[in-house]
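Trainee: Sequence:
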Amino acid sequence: MNIGDVSDLSGLPTKTIRYYEDIGLVHPARGANGYRDFNEREAHRLTFLARARSLGFSIEECRTLLSLYADRSRASAEVKDLARDHLDRIAQKIRELDALRRTLETLVSQCHGDDRPDCPILDDLSGTLGKPT
Numbered sequence: 001m002n003i004g005d006v007s008d009l010s011g012l013p014t015k016t017i018r019y020y021e022d023i024g025l026v027h028p029a030r031g032a033n034g035y036r037d038f039n040e041r042e043a044h045r046l047t048f049l050a051r052a053r054s055l056g057f058s059i060e061e062c063r064t065l066l067s068l069y070a071d072r073s074r075a076s077a078e079v080k081d082l083a084r085d086h087l088d089r090i091a092q093k094i095r096e097l098d099a100l101r102r103t104l105e106t107l108v109s110q111c112h113g114d115d116r117p118d119c120p121i122l123d124d125l126s127g128t129l130g131k132p133t
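In this text, residue positions in the sequence shown follow full-length UniProt numbering: the first is 1, and each later residue adds one.
Each hint can be trusted.
In silico DSBU-like pairs for lysine-lysine, Cα to Cα no more than 35 Å straight-line:
#1 Lys-93 with Lys-15
#2 Lys-15 with Lys-80
#3 Lys-80 with Lys-93
#4 Lys-93 with Lys-131
Distance windows between CB atoms, simulated:
#5 His-44 with Pro-13: 13 to 23 Å
#6 Ile-121 with Leu-9: 43 to 53 Å
#7 Arg-63 with Asp-115: 50 to 60 Å
#8 Asp-114 with Gly-4: 52 to 62 Å
#9 Thr-64 with Cys-119: 46 to 56 Å
#10 Val-79 with Arg-102: 26 to 36 Å
#11 Leu-104 with Ala-83: 27 to 37 Å
Rather than coming from a laboratory, the hints here were simulated on the basis of the structure. Bear in mind the structure is a predicted one, so any value in this text is a computation, not a measurement. Cβ coordinates follow ideal geometry from the N, Cα and C atoms, glycine included.
Generate the whole structure from the sequences, applying the supplied hints.
Mentor: Here it is in structure tokens:
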């Protein structure tokens, strides 16, 4: 398969596929014409990478996951630990985003949103909210 074919199959842009090759995540053969020739194994690796990245795993985590996937003697505990760590980071990001949402909701509720020039949102962004003018 050429790069366009595996791009269609995996849903990854050709630029991403080239990048994954550059960093050693996939290893397509090269034809006599120099074009990449992806076999079924490499196409599957790209689909695996697309799915892992869509779940938010980092490139290095994907590298580890690919290695674990290829290692039939792996312990599933290693995979679970990696996924659990990732899940913990996602939970932390959700808590941080929730705090941002609450702050912004408060600021939006304090802003009159009319013709007045005073705006608590801008005051907060400038660091002057609650300070006498």
